[in-house]
Amino acid sequence: MAVEPLDTRLKRLLVEHGPGIGRVVSGYVRNAAEHQDLMQELALALWRALPGFRGECSERTFVFRIVHNLGVNHITRRKPTEPPTEVPDPSPSPEGRAHQTQQRLRLMGAVKSLPLPQRQIIMLALEDCSHAEIAEVLGITVNNVGVRLNRAREALRQLLGEKP
Amino acid sequence: MTQDSEWTDLLQQWKGGQAAELPVDTLLAGAVSYTHLTLPTNREV
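Read top to bottom, the protein sequences are chains P and C.
Per our numbering: the first sequence ends with 410, consecutive numbering throughout.
Per our numbering: the second sequence ends with 942, consecutive numbering throughout.
Every clue listed holds true.
With a Cα cut of at most 20 angstroms, we get these calculated EDC-like pairs of lysine to aspartate or glutamate: (1) Lys912(C) / Asp374(P); (2) Lys358(P) / Glu400(P); (3) Lys257(P) / Glu287(P); (4) Lys257(P) / Asp283(P); (5) Lys358(P) / Glu280(P); (6) Lys912(C) / Asp901(C); (7) Lys358(P) / Glu903(C); (8) Lys257(P) / Asp922(C); (9) Lys358(P) / Asp374(P); (10) Lys257(P) / Glu305(P); (11) Lys358(P) / Glu408(P); (12) Lys358(P) / Asp283(P); (13) Lys912(C) / Glu262(P); (14) Lys358(P) / Asp906(C).
Hint data in this document are derived by calculation from the structure and do not stem from the laboratory.
These numbers come from a predicted model, not from an experiment.
Could you build all of it, start to finish, from the sequences and the hints given here?
As structure tokens, this is what we get:
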């Protein structure tokens, strides 16, 4: 079987998983500039990690694991005194979709206000990852995923129930 | 509204709308050029 060249493979991953990657990266950053920087870091990290990927997990799990590692690093090294700025919205908001956009921004805002462990788990669940995939990405047990996800969903429900 | 339908709504909101296209070629070019710049030469290895 022909080996897929590295640049073709990276491009395919970015195209296939791009929208999900963009949303999850949004959960770790405070503005569009940070989003752009983290995306570029991710592309580089994938480029470096891909040759070592042996398919022990799905490509999506592999990608999200790198996204989460970079996201945690990003939060750790960020200056704590920097105030949060706008919530980056990776989607356009054409006329007639204003309500939908508003809902999505509200949800993203609520997700971003969750503590990091809950935020990570809820973002992966919103990306339709199975409990097993979430466990692999975050390095926790499947049982632990169930417990944490229930708490995270409840916390999110309460946040969204509050007046905006 | 049940918790399940609430969750389904959230899933739709999360993924809702048309996602902006990622600048895939720019990201790819950035990764490739950076790697080429930083790859050690034979002499360094």
